[in-house]
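Undergrad: Dock chain B with the ligands against the given chain A, drawing on the hints supplied.
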Amino acid sequence: MGWRVVVDMDLCESNAVCMAVLPEVFEVRDDDLLYVLDETPPDSMRAKAEEAVARCPKQAIAIVEA
Amino acid sequence: MLRRIAVVGASLAGWHAATTLRREGFDGELTVIGAEAEPPYDRPPLSKAFLATGDENKVALAGVADRESLGITWRLGRRATGLRLAERTVGLDDGSEVAFDGLVLAGGADVRTLPSLPVGDGVHALRTLADARALRADLDRRPGPVLVVGAGFIGAEVAATCREAGRDVVLVEAAAVPLERAVGAEIGAVCGALHRDHGVDLRLGTAVVGRDASGAVALGDGTTVDAAVVVVGVGVSPATGWLEGSGLTIDDGVVCDGTGLAAPGVVAAGDIARWPNALFFGDSMRVEHWDNAIDMGAFVARRLLAGDDWDPAEVFAPVPWFWSDQYDRKLQMAGRATGADQMQIAGGTLEERRFVALYGRAGRLVAAFGMNRPRHIVQSRGLIARSCPWDEARELAAAWT
Ligand SMILES: Cc1cc2nc3c(=O)[nH]c(=O)nc-3n(C[C@H](O)[C@H](O)[C@H](O)COP(=O)(O)OP(=O)(O)OC[C@H]3O[C@@H](n4cnc5c(N)ncnc54)[C@H](O)[C@@H]3O)c2cc1C
Ligand code: SF4
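Residue numbers (my numbering), protein chains in the order written: chain A, 1 to 66; chain B, 1001 to 1401.
It is worth saying that the hints were derived from the structure and are not from the lab. Treat the numbers as computed from the prediction; the structure is a model and nothing was measured. Careful: at least some of the hints might be erroneous.
Said to hold, decoys possible - Once the Cα atoms are required to be at most 27 angstroms apart in a straight line, the calculated BS3-like pairs of lysine-lysine come out as:
#1 B:Lys1058 <-> A:Lys48
#2 B:Lys1048 <-> B:Lys1058
#3 A:Lys58 <-> A:Lys48
#4 B:Lys1058 <-> A:Lys58
#5 A:Lys58 <-> B:Lys1048
Bound conformation, chain A alone:
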């Protein structure tokens, strides 16, 4: 089963919490915007991605089963 990381950019406030949890996938750059580096990370990152979902103070991140 594939899965995807989706960020609701209307909710995201670029506080980079997700980047602290999973820098391979989430990056807040100099322009203070969040970039999703890899929308379909490997399964080995699933637990970390779920942690990022729980930790996002804006609840802007979702994991969507493809």
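TA: Okay, now just chain B with the ligands, sitting in the frame of chain A:
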């Protein structure tokens, strides 16, 4: 083997403890006791998006909508009033008792008020959703200036939210500089100036004396403020009243060991818990931040389940982290500036209101406070976690533009 676990406090720490217990395979009886009528919700929006919009969707906490699927007995609107440690029971305010083998104390903190300014008749405190609803209703009902007492993070957010809604705001702080204990005098002054930038009437070094019959609030400097609505934001104290005399050590929080254990089979997490943080020279800490309630709630759930099998070397030693939204600025802090003997500005300037302040103690980076520098706060957090030497941190930060 634990068969019955009780969680006291149905908020952020309690919710994460309970869900972690289930995720880790605990399939015994799980009871969550919460004094508020609402199932767990998110507090930070109460002074931000909820206060601005009144939209209750803003306080929804992920996963809570499915709370009935977890096999938890929810005792909401019920307060725990007594702990009998030897008998392993918690007494509730309806006279009933909940028996447990394992107990999670996650009662958070109660908002402090001022004897000179009793809540009611336009005077508010802000901790719960009920408080926030009442404050919003009063703001709608009473046009005119808002007086905020206390320029800590929550007072500052209320001031900012009200200002952005077009209200005149007077912000009164008893200390000469806001937030001095958290961030030092220089950065505290910048946090204060942020409000003046936005037209807040900031009065420092003056305390509230009282309120007269007309509702005017008298200040220590002899002036009076005629406010339509008053918000008292003078901090919180851990909700430990009911635990006095229980046999647990209570000292500005439930005192735990480095793993969050307060007594055999009893753990504490979130705003209520005090523990020695090995990463910060073993300083005794109590952290009133959102992130800590999540982290520690989950940690102590695992700690409780492991019992005597826990490796004592695995201690709870996080880098505390929080944010505060004020106007168009994101304030964030990682670590603790307590006892700092060095400070350095990087990644911008105080005048731009975009910078990172790094704090060093005993040759190590111990804290970083940022205004609109989220990325560098995340980086700093990593550096603090690995006890980065001060000189190395300064060098790295010199490249932050
Ligand atoms: C307005 C506001 C804005 C905030 N903004 C931020 C922010 O921007 N960033 C940040 O990092 N943090 C922020 N915080 C702090 C953050 O919300 C808290 O750190 C967090 O809620 C702590 O969670 P907790 O579960 O430990 O305690 P709490 O959320 O205080 O919950 C404890 C619960 O236990 C219940 N309880 C207490 N005693 C008993 C008892 N004897 N029996 C039954 N139930 C009991 C209480 O009623 C309460 O519901 C904010 C807090 C407030 C109030
Ligand atoms: S944690 Fe949430 S709000 Fe923060 S940058 Fe990531 S997605 Fe955005």
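Undergrad: Hint by hint, say whether it matches the structure.
TA: Taking the hints in turn, this is what the structure says about them:
{"no.": "1", "hint": "B:Lys1058 <-> A:Lys48", "result": "25 angstroms, holds"}
{"no.": "2", "hint": "B:Lys1048 <-> B:Lys1058", "result": "9 angstroms, holds"}
{"no.": "3", "hint": "A:Lys58 <-> A:Lys48", "result": "17 angstroms, holds"}
{"no.": "4", "hint": "B:Lys1058 <-> A:Lys58", "result": "9 angstroms, holds"}
{"no.": "5", "hint": "A:Lys58 <-> B:Lys1048", "result": "12 angstroms, holds"}
In this structure, none of the earlier numbered hints is contradicted; all agree with it.
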